[in-house]
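Asks: Please work from the sequences and hints to get the whole structure.
Note that the protein sequences, when read in sequence, are chains A and B.
With this note's numbering applied, the first sequence corresponds to residues 1 to 473, in that order.
With this note's numbering applied, the second sequence corresponds to residues 1 to 688, in that order.
Treat the hints with care, since some could be wrong.
In silico lysine-lysine, DSBU-like type, Cα no more than 30 Å apart, as pairs [unchecked claim]: (1) B:Lys669 - A:Lys17; (2) A:Lys222 - B:Lys386; (3) A:Lys204 - B:Lys272; (4) B:Lys501 - B:Lys534; (5) B:Lys675 - A:Lys96; (6) B:Lys533 - B:Lys501; (7) B:Lys654 - A:Lys17; (8) B:Lys386 - B:Lys675; (9) B:Lys497 - B:Lys534.
Just so you know, these hints were derived from the structure itself, not from any lab.
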Amino acid sequence: MLQPPRLTVWSSIDDLKHLKALLYDQNPDYDGRPQALEIIRAWSSRGRLPHAIESTSHLTECLLNDTPNQSELLIRMSYSTAICRFVNGLLDPAQKSHFAVSMYGLAQELGLPASFVDVRHAATHEALPPLGVLRTTCARGLDWLWANYWEKVEVGGVVDAETVGKGREVVDQERVSRVQGLLERWETLKKSGQGRYREASKRKEERGEANICAELEVIFKKSAGMDILLEILVHEHLLVMDDTRSMMSIYKTTESWRPLIQDLDLRVEEFTSGLFNTFLEAMQEVEDTKDENKDEFAESESEYTYQWLEFLIGLVLKGKLAADSASLLDDVVSRCILSRNLWCLRLAEYAIGQSTLLETKYSQACTMAKKQLTAAPKPASNAISKHTNPNLLAALVTNKDSSMDLDQELEDFETKLRSMQAQREQWGLIKKLEATEKTKANLDTSALITNGKRAAKFRRVESDWTPRPMGIA
Amino acid sequence: MSKRTSDSKVKAPLSALAARRLRQQQLAAQAEPSNPTPNGDSPSITPGAEAAPVLHSKDISGPSTPLKSRSPSAIPPKETIDSAGDTDIDIPRQVSNFVQTEENHGYDTQTLETTVKLRRGETFVIQGEYRVSVISGNISIYGAILETSASIDVIAPSTQALPVIECAPKSKKRKVEKPARKDGEYDAIFSLHSTQSGLNDVGRICPRFDRIWKPPLTSTVVKSKAADSFTPILTAIQPTPVLTIPPSWQPTITTLSSTKQSPKSIFIIGGKSVGKSTFGRYLLNTLLTNSQQSAVAYLDLDPGQPSFTPPCILSLHKITSPVVAPSFATFGSTEVVRQHHVGYISPREDPKYYLRCAADLVREYRRLVEQGEKLTLIVNTCGWIKGMGRELLQELIAVCEPTDVVGLGEVDGVFAEILPEGKGVKRHLLEAAGTGNAVGNIPGSQQFTPADLRILQTIAYFHQRSKVSGDSNGSSSPSFDFEKHLTAIPPLIAVYKGAAKVIHGITILDTGIAPDLIFTGLNATIVSVKMVKKDDREHPAIRYLEDVYGENNDVTPPYIPANQFDGTSGLLPAEGTVTAGLAIVRGVDEGNGELQLLTPMHEDEINGYLEDGYRILLCRGRDEMPVYLMWDWRDGRAGQKGRRGTGSGGGVDKMPYLDFVDGGEVTGKGAKEWKVRRNIMRRGQQRR
Numbered sequence: 001m002l003q004p005p006r007l008t009v010w011s012s013i014d015d016l017k018h019l020k021a022l023l024y025d026q027n028p029d030y031d032g033r034p035q036a037l038e039i040i041r042a043w044s045s046r047g048r049l050p051h052a053i054e055s056t057s058h059l060t061e062c063l064l065n066d067t068p069n070q071s072e073l074l075i076r077m078s079y080s081t082a083i084c085r086f087v088n089g090l091l092d093p094a095q096k097s098h099f100a101v102s103m104y105g106l107a108q109e110l111g112l113p114a115s116f117v118d119v120r121h122a123a124t125h126e127a128l129p130p131l132g133v134l135r136t137t138c139a140r141g142l143d144w145l146w147a148n149y150w151e152k153v154e155v156g157g158v159v160d161a162e163t164v165g166k167g168r169e170v171v172d173q174e175r176v177s178r179v180q181g182l183l184e185r186w187e188t189l190k191k192s193g194q195g196r197y198r199e200a201s202k203r204k205e206e207r208g209e210a211n212i213c214a215e216l217e218v219i220f221k222k223s224a225g226m227d228i229l230l231e232i233l234v235h236e237h238l239l240v241m242d243d244t245r246s247m248m249s250i251y252k253t254t255e256s257w258r259p260l261i262q263d264l265d266l267r268v269e270e271f272t273s274g275l276f277n278t279f280l281e282a283m284q285e286v287e288d289t290k291d292e293n294k295d296e297f298a299e300s301e302s303e304y305t306y307q308w309l310e311f312l313i314g315l316v317l318k319g320k321l322a323a324d325s326a327s328l329l330d331d332v333v334s335r336c337i338l339s340r341n342l343w344c345l346r347l348a349e350y351a352i353g354q355s356t357l358l359e360t361k362y363s364q365a366c367t368m369a370k371k372q373l374t375a376a377p378k379p380a381s382n383a384i385s386k387h388t389n390p391n392l393l394a395a396l397v398t399n400k401d402s403s404m405d406l407d408q409e410l411e412d413f414e415t416k417l418r419s420m421q422a423q424r425e426q427w428g429l430i431k432k433l434e435a436t437e438k439t440k441a442n443l444d445t446s447a448l449i450t451n452g453k454r455a456a457k458f459r460r461v462e463s464d465w466t467p468r469p470m471g472i473a
Numbered sequence: 001m002s003k004r005t006s007d008s009k010v011k012a013p014l015s016a017l018a019a020r021r022l023r024q025q026q027l028a029a030q031a032e033p034s035n036p037t038p039n040g041d042s043p044s045i046t047p048g049a050e051a052a053p054v055l056h057s058k059d060i061s062g063p064s065t066p067l068k069s070r071s072p073s074a075i076p077p078k079e080t081i082d083s084a085g086d087t088d089i090d091i092p093r094q095v096s097n098f099v100q101t102e103e104n105h106g107y108d109t110q111t112l113e114t115t116v117k118l119r120r121g122e123t124f125v126i127q128g129e130y131r132v133s134v135i136s137g138n139i140s141i142y143g144a145i146l147e148t149s150a151s152i153d154v155i156a157p158s159t160q161a162l163p164v165i166e167c168a169p170k171s172k173k174r175k176v177e178k179p180a181r182k183d184g185e186y187d188a189i190f191s192l193h194s195t196q197s198g199l200n201d202v203g204r205i206c207p208r209f210d211r212i213w214k215p216p217l218t219s220t221v222v223k224s225k226a227a228d229s230f231t232p233i234l235t236a237i238q239p240t241p242v243l244t245i246p247p248s249w250q251p252t253i254t255t256l257s258s259t260k261q262s263p264k265s266i267f268i269i270g271g272k273s274v275g276k277s278t279f280g281r282y283l284l285n286t287l288l289t290n291s292q293q294s295a296v297a298y299l300d301l302d303p304g305q306p307s308f309t310p311p312c313i314l315s316l317h318k319i320t321s322p323v324v325a326p327s328f329a330t331f332g333s334t335e336v337v338r339q340h341h342v343g344y345i346s347p348r349e350d351p352k353y354y355l356r357c358a359a360d361l362v363r364e365y366r367r368l369v370e371q372g373e374k375l376t377l378i379v380n381t382c383g384w385i386k387g388m389g390r391e392l393l394q395e396l397i398a399v400c401e402p403t404d405v406v407g408l409g410e411v412d413g414v415f416a417e418i419l420p421e422g423k424g425v426k427r428h429l430l431e432a433a434g435t436g437n438a439v440g441n442i443p444g445s446q447q448f449t450p451a452d453l454r455i456l457q458t459i460a461y462f463h464q465r466s467k468v469s470g471d472s473n474g475s476s477s478p479s480f481d482f483e484k485h486l487t488a489i490p491p492l493i494a495v496y497k498g499a500a501k502v503i504h505g506i507t508i509l510d511t512g513i514a515p516d517l518i519f520t521g522l523n524a525t526i527v528s529v530k531m532v533k534k535d536d537r538e539h540p541a542i543r544y545l546e547d548v549y550g551e552n553n554d555v556t557p558p559y560i561p562a563n564q565f566d567g568t569s570g571l572l573p574a575e576g577t578v579t580a581g582l583a584i585v586r587g588v589d590e591g592n593g594e595l596q597l598l599t600p601m602h603e604d605e606i607n608g609y610l611e612d613g614y615r616i617l618l619c620r621g622r623d624e625m626p627v628y629l630m631w632d633w634r635d636g637r638a639g640q641k642g643r644r645g646t647g648s649g650g651g652v653d654k655m656p657y658l659d660f661v662d663g664g665e666v667t668g669k670g671a672k673e674w675k676v677r678r679n680i681m682r683r684g685q686q687r688r
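Replies: What follows is the structure, given as structure tokens:
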């Protein structure tokens, strides 16, 4: 699952660094702490503050209010509360088991001196500790927070800038083997999970699946290219046939991988189109290599690859995959038609048969391609053209002439496709231009109205609103 | 209501006969041949049963498919169905006890309607959203009784227990005897029609909630057409909570909906997750469809899980038609008479203000009654019944003066303490639905906590289709639009300084923020839009604004510090203040003195208020901003790219308030909020 970002009370990490400077920088001319406390108060209305920040503000507030004209009891009580909350807030979340572990033990784990626990205990259950003790504890608390939280703020920021700045990382061997490991885990999980219906183990299985998907997602996202990873997925797993080599076994296989595919489809951009790519390439490859020695193995391999593709197309057609299924289908089908590969054509036919929309668009081209393929028994396999465009039907419908020069026709098909694409882009540009002009006009009139009446009204931002993050006007 | 799941650990006593029937039924279910290739040649994934390998699907589209038909007498009585005790045997548990045959279930390809015929005792459970229209007979759903030709829109995702459709005895509302049924042997016939509220797309904004529309795993469903927005569920292996109320509730609901003494005012109390809202809803629907009431007043005093508003709001509603939808799908289906934004999800933080708002809403109800409206009042409360919560309940009772108090769960002690002696308040002590925290928890599947549901409620609220002014009164079916993320929606511009200003005051609850930091606190947060009549000299906010700002329009921003008014919080006094709704301050343009607001309210509606002489104030409570409203997950990578700039001071394309770094931007100790754990036991408790 694409991990959502965390909400922070600060707008950017720089705000936090600024706060840190205000709190801890020793400047003889200016004490930044009152201002820092104001900022923290403003932040606190946005949401929960990190405990370290809250504690720092409490302790600092006590320190600043520890002046001779305040009542001593009041000072002691505020110190005590601040220290208790500091210690409790730190140790409570560290209680990991069902049963309470001693505060001393937890403090030791966290590297918090035991004296804090003592003071907390006294402040809660015994006589209020004397002011001297409280003052020292407060100062030590602020030091501890500096060393354990605030000092990391800078470091965190630097690390952040570095790792993110590098951008996507190159796929290295380590990553490859991690992906391999994960996919193997998936396979064993699915194998062992078959026929298991007990809720507990089911849940465990689901958790396992979710974990694998989440890890894969992260790797896919961080990697500069998915190609290698997809090839591992397709060639080392999806296309590995069962020992039985029976076609029936594919249903079990597709089913067991389906959750993973759907999950990654949802979370990793262009996963599904990449997957199709890899499969189609695999198909082409098999066809290319077999050619001479048409052995049975290659045949069944093709069949197997084909079944996978058909399964995927089925998912897409049913809306179970790929958000923009229309363009994906267009892409796949037109590639298949242009591929001059019998299996790919069969796939195109399958897709066309499943969807009337595709049928109107491509049936003509498909028939033509088939004719051509059967007419020329040994075609040179073209590289599958990468970018194609729908709406090519019109061009083909007119080309009813069934001359034998089908090759030529297919080439026409391709050029038409390209020109159509170019036209489309052009059209989009014009549209955009028109739109901006329109909004300009709109803006002019709206400005007039508001200037004329100076109406105190809510008004909707005019139409050319470009999406922008929350918090940025 | 007991959201009893079918593998409930509680073994309900079974009669020997019932047990045997159950056994037979289970065997029958197991014996049923699993049919992996329903269409013969190319096995395909069954539509509508995504991620759920269908164990045995009954194909209704092909008439050639042999249909398994059991005589209706073999169906065990309903009570035994949920309580299959053998938890470890892997059998699909019955969700509906409807047995599909060619005769009782049909699909019209012309009207796209599904027609279902039920016999008395049969239950039919559907997940999804749909309109059910009764063709003949009477049916009941979630307490509502629908008669011939009545229809209702139902929204039933898996976040809640699924409502059950059953045959019902004739409603008390009409006294005329219906002509004898034509289809003699069926007691009720109804049609199902797909509806589109837009909620189906909630996953576009928050992928976590994508699953709530998917049928339970490994279930037998009545195969729906691909385009149908609903799935009837017959059996499921994954526990599927179905809405059934505890037997003790029905008589009480019948008594409470009797018309002898009316209007009643019914006060519901109980701890957490005992079914208060469900009881309230069941009662509401029964009152509206099975008594002489044409409208019911509903006072919602649970700001943590309100039934008809987003969180942090107390509200009074006038409701005229039954509502069968989860709390995040009800906006617009009621008429909001009056509401108050209390700013917290619990009365704990400011009990005094909570009480004040509640009292104001009760006064509003009294005003309606004085105007001659015969309105039964249902009061739903929050689950805080200990300590100060109990005191609060006592005061609420004193304010509401209910005629009936319904206590769910073990609340005898509470009753004794809070109910006035001998004042003739009728007490109804009922069992809790389910067992405490088990309600709403679906073992083995996704669970939704109250916090999750609040997120869902808030997301749904801000993705409502905004209504055009004019029909803000009255109710309409809720409608949502999740197509665009909020960041892509043009906001409303609200000027806060100068002659054209529309925002006359800003408050921030409970925090003394320095005026120059007000937008540090306000930017990208949820605020409530409150309104005060500008000539209301009694209203302290108006007085304050006049005293401090006078006619000086250029004071910026018009900040009203906390604790100005009633000594409880920075919020405006409930009396004389109208809460119009919620808005997100999506951006602040301090140069031009403009706020950019996102709100489901239409600008014409707000401008209408201005014309009516209202002053608008924005009040920041502690409403939580769901991260998915801040961040478009479909655009996830763009976010990371944007974050790149932060190291060097950021830029326009960075995303404020969002931390994309794995493990957090800051990793020191205490970098997390203090999360309170309440379930830790002491050593002493270990040796029990």
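Asks: Now tell me if each hint is right for this structure.
Replies: Hints versus structure:
| no. | hint | result |
| --- | --- | --- |
| 1 | B:Lys669 - A:Lys17 | 16 Å, holds |
| 2 | A:Lys222 - B:Lys386 | 50 Å, violated |
| 3 | A:Lys204 - B:Lys272 | 29 Å, holds |
| 4 | B:Lys501 - B:Lys534 | 14 Å, holds |
| 5 | B:Lys675 - A:Lys96 | 12 Å, holds |
| 6 | B:Lys533 - B:Lys501 | 16 Å, holds |
| 7 | B:Lys654 - A:Lys17 | 17 Å, holds |
| 8 | B:Lys386 - B:Lys675 | 21 Å, holds |
| 9 | B:Lys497 - B:Lys534 | 17 Å, holds |
In this structure, only the earlier hint numbered 2 is contradicted, and the remaining ones agree with it.
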